[in-house]
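Undergrad: Chain by chain, the residues:
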Amino acid sequence: MKTNFKSFLLLCLFFASINYAQTKIIVKGNVVESSGIPLPYVNVYVENTLDGAMSDEDGSFTFSTDSDTTITIIASMVGYKSEKKVFEVKPGNKEINVEFGLAPDTIELEEAVVMGSSFSSEKEKGIIISSMEVMMTPGGAADIYQSLKTMPGLTNVSESAELYVRGGDPIETVTIIDQASIYHPYTYESSYGGLFSNLNTAAVDAMYFSSGGFSTKYGNVLSGVLDISTKNEPINQRFDLGISMAALQLNAEIPIVDNKFGMRIFGMQSFTKPIMWLNGELDEFTTTPSSNNITALISYKYSETGRMKFTGIFAADAQGVKIRRAEYSGAFNGNSNTNFYNFQLNDVLFENTFIKSSVSFSQFENLWRLGVLDLDQTDGTYKLRMDLETTFSKQLKMDYGIEGEMRNQHYVGAIPESEFDIRPDAEKVVLDAEIIGQRIGVYGELTFNNIVGIKKLHAIAGVRSDHFPQLNLTSFDPRFGLVYKLSAKSNFRFAWGIFHQLPDTRLFVPTDGNPDLNSMKAEHFVFSYEYRGNKNNSIRLELFQKDYTDLPLEDENINYNNDGFGYARGLDFVLKGDLPFNLDGWLSYGYINTKRKWMDFDKLTSSGFDITHNLSMILKYNINAMWQIGLNVKYSSGRPFTPIESSEYLADRKIYEPLYGANNSERYPDYKRVDLRVTHLNQLFGKYFAVFYLEGLNILNINNLFGYTYSTDYKQKEKVLSYFGRRTIVIGTSISI
Amino acid sequence: MKKSAHLFLIMFLAFQPIFAFNSNGGNEITERLKSMAREGYFQNDEKIFMELSALCDRILAKEKENAAAGYYKAYSNYRIVSIAMVKQNDTMFDLYYPVAEEAANLSSENVDFAAEAKTVLAANYMMILAKDLSEAASISMKIHTLLGEAEVLNPANPRVNLIRGTMLLNTPPAFGGSAAAALSEYEKALEKFDAQDSASNVNWGYAETLAWIGIANMKNGDLESAELAFLDALNAEPEFGWVKYQLLPTVQSKLKGVEK
Numbered sequence: 000m001k002t003n004f005k006s007f008l009l010l011c012l013f014f015a016s017i018n019y020a021q022t023k024i025i026v027k028g029n030v031v032e033s034s035g036i037p038l039p040y041v042n043v044y045v046e047n048t049l050d051g052a053m054s055d056e057d058g059s060f061t062f063s064t065d066s067d068t069t070i071t072i073i074a075s076m077v078g079y080k081s082e083k084k085v086f087e088v089k090p091g092n093k094e095i096n097v098e099f100g101l102a103p104d105t106i107e108l109e110e111a112v113v114m115g116s117s118f119s120s121e122k123e124k125g126i127i128i129s130s131m132e133v134m135m136t137p138g139g140a141a142d143i144y145q146s147l148k149t150m151p152g153l154t155n156v157s158e159s160a161e162l163y164v165r166g167g168d169p170i171e172t173v174t175i176i177d178q179a180s181i182y183h184p185y186t187y188e189s190s191y192g193g194l195f196s197n198l199n200t201a202a203v204d205a206m207y208f209s210s211g212g213f214s215t216k217y218g219n220v221l222s223g224v225l226d227i228s229t230k231n232e233p234i235n236q237r238f239d240l241g242i243s244m245a246a247l248q249l250n251a252e253i254p255i256v257d258n259k260f261g262m263r264i265f266g267m268q269s270f271t272k273p274i275m276w277l278n279g280e281l282d283e284f285t286t287t288p289s290s291n292n293i294t295a296l297i298s299y300k301y302s303e304t305g306r307m308k309f310t311g312i313f314a315a316d317a318q319g320v321k322i323r324r325a326e327y328s329g330a331f332n333g334n335s336n337t338n339f340y341n342f343q344l345n346d347v348l349f350e351n352t353f354i355k356s357s358v359s360f361s362q363f364e365n366l367w368r369l370g371v372l373d374l375d376q377t378d379g380t381y382k383l384r385m386d387l388e389t390t391f392s393k394q395l396k397m398d399y400g401i402e403g404e405m406r407n408q409h410y411v412g413a414i415p416e417s418e419f420d421i422r423p424d425a426e427k428v429v430l431d432a433e434i435i436g437q438r439i440g441v442y443g444e445l446t447f448n449n450i451v452g453i454k455k456l457h458a459i460a461g462v463r464s465d466h467f468p469q470l471n472l473t474s475f476d477p478r479f480g481l482v483y484k485l486s487a488k489s490n491f492r493f494a495w496g497i498f499h500q501l502p503d504t505r506l507f508v509p510t511d512g513n514p515d516l517n518s519m520k521a522e523h524f525v526f527s528y529e530y531r532g533n534k535n536n537s538i539r540l541e542l543f544q545k546d547y548t549d550l551p552l553e554d555e556n557i558n559y560n561n562d563g564f565g566y567a568r569g570l571d572f573v574l575k576g577d578l579p580f581n582l583d584g585w586l587s588y589g590y591i592n593t594k595r596k597w598m599d600f601d602k603l604t605s606s607g608f609d610i611t612h613n614l615s616m617i618l619k620y621n622i623n624a625m626w627q628i629g630l631n632v633k634y635s636s637g638r639p640f641t642p643i644e645s646s647e648y649l650a651d652r653k654i655y656e657p658l659y660g661a662n663n664s665e666r667y668p669d670y671k672r673v674d675l676r677v678t679h680l681n682q683l684f685g686k687y688f689a690v691f692y693l694e695g696l697n698i699l700n701i702n703n704l705f706g707y708t709y710s711t712d713y714k715q716k717e718k719v720l721s722y723f724g725r726r727t728i729v730i731g732t733s734i735s736i
Numbered sequence: 000m001k002k003s004a005h006l007f008l009i010m011f012l013a014f015q016p017i018f019a020f021n022s023n024g025g026n027e028i029t030e031r032l033k034s035m036a037r038e039g040y041f042q043n044d045e046k047i048f049m050e051l052s053a054l055c056d057r058i059l060a061k062e063k064e065n066a067a068a069g070y071y072k073a074y075s076n077y078r079i080v081s082i083a084m085v086k087q088n089d090t091m092f093d094l095y096y097p098v099a100e101e102a103a104n105l106s107s108e109n110v111d112f113a114a115e116a117k118t119v120l121a122a123n124y125m126m127i128l129a130k131d132l133s134e135a136a137s138i139s140m141k142i143h144t145l146l147g148e149a150e151v152l153n154p155a156n157p158r159v160n161l162i163r164g165t166m167l168l169n170t171p172p173a174f175g176g177s178a179a180a181a182l183s184e185y186e187k188a189l190e191k192f193d194a195q196d197s198a199s200n201v202n203w204g205y206a207e208t209l210a211w212i213g214i215a216n217m218k219n220g221d222l223e224s225a226e227l228a229f230l231d232a233l234n235a236e237p238e239f240g241w242v243k244y245q246l247l248p249t250v251q252s253k254l255k256g257v258e259k
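Chains as they are written, first to last, in numbering that gives the first Met the number 0: chain L, 0 to 736; chain Y, 0 to 259.
Worth flagging that the hints you see were computed from the coordinates, not collected in a lab.
The reader is advised that the hints may include incorrect statements.
[As the list claims (entries may be wrong)] Beta-carbon label-pair distances, calculated as ranges: (1) Asn96/L <-> Glu64/Y: 57 to 67 Å; (2) Asn219/Y <-> Asp204/L: 33 to 43 Å; (3) Lys46/Y <-> Ile728/L: 31 to 41 Å; (4) Pro171/Y <-> Leu570/L: 39 to 49 Å.
Given the structure is predicted, the values throughout are model-derived calculations rather than measurements.
By construction, the Cβ of each residue, glycine as well, lies at the ideal position given by its N, Cα and C atoms.
Same shape as in the complex, but just chain Y (with noise of 0.2 Å):
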């Protein structure tokens, strides 16, 4: 007994370092991974989501088939491609999109990412329908297959329901916009976020799917449900920036316009 518990503090010692990272590293790392991307968009920050893929890009240089790192990378510059657009800076747009655009599909090629990728891939070509209606014609069908792809991988991932509805929302009516079949889309994304793993390796949208809610409720004059969605989505997230100091007050603006 004595002699195996001193084998076992010798094994200890030896193989500490190993331990080490393969008991607490990895799960650290992606919760790390989620806790940067968590952070970078409710704070709307890209600065956060650059030092987000940094880090994956070290994780990376590490052991390149790190899943997580490959998927965070391709969502942190999906970030910052849309923080670039929303801001008008095409320079930062026009620097980062490519390589956006490459980490999505890249990390769409590993078999635990895929789905996930797949929507973040489609979420980008939505960003460059948005710039160039030119494009309208092969890339809305780009994004239908990258979606219908990512739904049959994975068909309780909650992101592809919200995606299609933002898509479905931002499209105009003729071209198969609808603000009505967007919110059943996000109504959809709710039901499979409150079915999934809080413990899952990608958690994002659901505080988003909330605003998105808000936003379609806006579009169609009930902005007393715009009001409860986004009500909804800060205590999700007391500090999601969006929702607290531009669409809520705006709603209970409006709010108060119609009560006068």
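Chain L extracted, bound-state conformation (with noise of 0.2 Å):
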């Protein structure tokens, strides 16, 4: 017994000697990025083990660890998917070898930084403009194209909010939301534009704006896409109050169920009439411009990585604005609705696709009283959109999608016969005209970053197609763009691409259009150049060219031709961030060149948005924590317009008939406005967050033109002003509860 014991505890102790005597191992090996670049800081460990070690700079590993007949080993990094290697041990193996290839663990929502010539408020896009910095520019009136517009690439033709970019009409231009297009987004809508932004800011998370060499990602736009993303459902419960002399707004931002379910609203109010009284304008309104709207977000996140979101945008305006023609006084009127629904699904597939997809309706419905103008507008659009983004490596990304949309537009009513007599009892056209217009979109493109084997090197390669049925025309567009960062802050970027888009729809009316009308073209070449010190700060130059053709021409035969064409070219300049003595803001100025030959200018001419050189100037300066002012000064060109040189009476109508000079052959004074805006924030009772503002717009009281008006005869002109062609005082306060 004694000598079986003894035994026992011998084969005891050499097994326990065998046991951390034979088992210990080397592992050993290097973590690299699926392109191949070494990973640092890895955790490379033996699974249900504290045995492990983290990558070094050169991605390389080493530890011991106790074998058994097999080992896991894993290695996991934040953004990288683990990776997992299952080892054999054979006796008397003393190390393992294992080398680990991590590909990025989450998609990039973002788009590729390689299209030139855009400026968002998302990360790794450019010139960066935030919500935060739309609701503080000076003048901006905390609107999003307002506050846009003092961006490089957009040209300041009118103070409406409309985007005019790079020589291109506002049509050229469109507005997604939540992947849903929106054609009429603007309040207090008429012939010259609308002024603000029906989205209220507070609902966006992301803008993304681009004045030239887009992705295939955006069909049927010739010019400029501003892509905005609403936010997702809030983490906290805030209630906001604003009033100013202009609006009262109220904001709720609700979570139902933490970090899944929530709900934000946004409305807001206008009311014009004590601005107008305080600024001495009340007499120039029969009804002082108003206006309502609602944002609602409703988003659910039903996974971790699936969210559904509903975006519903409602709202109204109405104004009565004294007019003072040649032939006739009276009042415009105008009053516009305008819904907007929005479901949109986001989900990941097949763990390297990210899929967006929404279903949209808008409708917009307005009229127009104006003499004998009498014209109620109805636009209705639906559309289905799905974009998926497959990531296959680090080094390689596809985009592709597919878009359906249809357009109906309504006109029922009466325009004058000649747009000089716009009496009550002029000539008029009658009007009851629907056109109804289809599309289908297809897109993709691939994204190769260090391509070639050299790292700095990126580049993007797609084509997109867009069908309409009705009309039998088919459009391809190739795209491509090329990026080669200089530093981890500086970049060359070119791109080029084809663009189509049709004319607008009421060209194709067959009694005064031409229903067989093709797509208009553009072709843009741009090259920037692109300093980011950090987040904030960032320099930017680039030089642009854009070529049109197949521009719609008035044609004695068939009313209208695809025979027209023209040019934009220009460069613009940007520079943005932290400023000497202690300002920060940012300077852009823009020059361009853009003539046209298309509608009725038969001659290669300075278009209507040939402003040669625009400035912009917003300066911010902290005084302390407390008390912020911001200075916004503008200086443009003046618009060309095209000048009335004489008139002829016509006997028979009563009326003098303008006779005009050479198309778009002089120009209107300069464009000055310097606005000033002064912020205090504070706190009320101890808690409640609260800004105080007073915002002088046009502090300088620079007389802007408009435009002119007659004489019955012509022979007299005299100046409109602009919208804020007289200085004008806003006071207002925001509390956040």
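Put the complex together from the two separate chains, hints included.
TA: Have a look at this one:
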């Protein structure tokens, strides 16, 4: 027994010693990104043990572990997919060599940096403008469009909210909200454009704006894209109350199920009467402009990767403006209603594919009344869109998608037969025109990082096609972009692409248009240099050339043909960030030379969008944490216009007909404006965050021109001031609860 | 007697690995986590915090409910994010912030570490606040709530006062910020540190509190008190890089300027 016990004990000790002597094994190896670049700080360890190490700067690691017959080694790191490798340990094995190649974990939701000429509120896309900056831009009225107009690439043709991008007509720029196109995103829309956005700035999560060379994702658009993403479910409950001399605003952000389900509602009622009264402009209106809008967001995150979201925008406005024309003085009455519904679903498929899809409907209704003009317009758009993004590796990504759109425009009423006669009893054309347009678009593009082994070289190449079944038209748009990173902070970019867009649908009406018109075409070349010191500081210089062909041109026989052409070329410069003397803000300058032969311009002529010099300077100075003062200085060359040189009396109609000089042969005086904003941040009752502001629009009272009005015989002209042609003061506050 | 000795020996050999882990492993690991956390902070080295986070991940992969690993994962990622913020490394900030917030949230569900984790979560939110003032309304309220809850759960936790003091110091006066109130919070923190058991599972913040007292005094123009606080901090942690190479030389150079 004694012997047996001793033997057993010895056996135990023997095996215990074997256990410790034989099973130590060295695990060593390397971790690289799927692109081959060494990956430091990766946690490499043996499953179900604490044995492991972190990879060093070269991606290499070494550690020891107690071996089993089988060991599982895991490599994991934030931002990458974990990788697991199983090894059979053979007797005598003292070392295991293991190599890991980790692929990115999350799919890049942001677009690649490659396409030139973009600025946005999303990082890595170029110059950044945040929604906070939109809120605080002096003179920007906390409005997306008005604030964007201080950035380069946008010409200051008028004070309207419409975006004139590098010599393009406003219809050449599309606004997209959560994948859905919205063709009437403005309040107070008249034939001169709208004034502000219907979408509440506080609802915006990210904005991407491109003034050229943009992705194949965007179709049927020639010049610019404003792509807006709204916010998801709120994390914290919050209520904001804003009141100013021009508007009352109430916002509510309510989480319903923590981090999963919630809603945001932003409501605004504007009432301009007090401000008009204060600034002495009441007598210019029969109905002072008023508007209301509600933006509603309901978002549900149903899984780690999936989210569904409803976005609704409901807006209405009314205005009655006194108009003085040569032949008639009266009130222009305009009312409009916008309803926008979008349902969006985002999720991840097959681990490497991100899918975004949306179904939307938007309906715009408005009426215009002025003399004989009595027009009701409805414009409804149904849209279905799906965007997919598949990441194959850190080096290769593919974006592709499909969209279908049906747009139904209906015009009912009467319009003056002659542009120069709008009197109530003037000759008119009675309209009851319905234009239905359908479009199906598909696109695909590949993003290559570190191409041909050059780590600093990135490229995008893609093509899209749009088909218009009723017109039997199909277009193909190849696009290409290249980025060469000079350093982590600076890069050169080049973008080239073909872009197609249908002309204004009214030109397809058979009676005075041409149903056989083709799409307009533009070819973009963009070359830029950008330096980004950090997230807030950047500088960019961009040269561009845009060549237009197939523009609609008046034709004696078929009303319109596609023989028009034109070009826009110039440069944009922007410096943004921290400036000397504790100032911050941005300086943007754009030079453009653009000419067109199109519509009724029978020669290559400066277009109405040819604003040679555009300068905006936004300066903000933080006096202390509670007080900020901001200035917005704008200068732009005068807008071209066609002068009236004489007139002819038409005895039968008892009216003078103006006789015009050469198209756009004169310019209005240069546009100059200085806006000031003083902001005071404070806390009310020890717990409510409050912002008080005083805004002076056009504080130097520079009488910028909207245009001229003429005497009955057109021999004398009188200036008509622009919307903000007089000094206007606004005081307001916003309180967060 | 002999028999029972044999039996004990057999039992010891058979269960030796279990004894080894339970008698030393648990404490040893917590001590290792504490030590790495301390080393990372005083060296201001994100690499050490990444190693700490990696170790916590390994522990959690093996033992999902390990409260200390859960907490130190939250803490290490909070430090990684704060270093990223100081270095203005937005990519790193954006990558690690969600990890830090999620880990702090998870840890705050564990009874043993709830008070500490809520404090770390509040410190995370402070960084978001520092980056985007527009979120002040909702986030500042959340920070106050978290610190209040942490204090109720463990009134002796000095880090609540440290974080609250730092918030008070860095908040504009109009929003309730005050260097004097911050100093009062730091003093309370010091009292609690003095009463704290040095063997407790979480022990960071003492020298840091002294550093912040120095900064608050500098803000008040009391350079002598600031220098004393920095020297106290160095006395507690001779290799406290932030104080040794930045804060103390700054205040001493200012003092020299005053003397001249």
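Undergrad: Confirm or reject each hint.
TA: Here is how each hint holds up against the structure:
no.: 1; hint: Asn96/L <-> Glu64/Y: 57 to 67 Å; in the structure: violated (34 Å)
no.: 2; hint: Asn219/Y <-> Asp204/L: 33 to 43 Å; in the structure: holds (41 Å)
no.: 3; hint: Lys46/Y <-> Ile728/L: 31 to 41 Å; in the structure: violated (56 Å)
no.: 4; hint: Pro171/Y <-> Leu570/L: 39 to 49 Å; in the structure: holds (41 Å)
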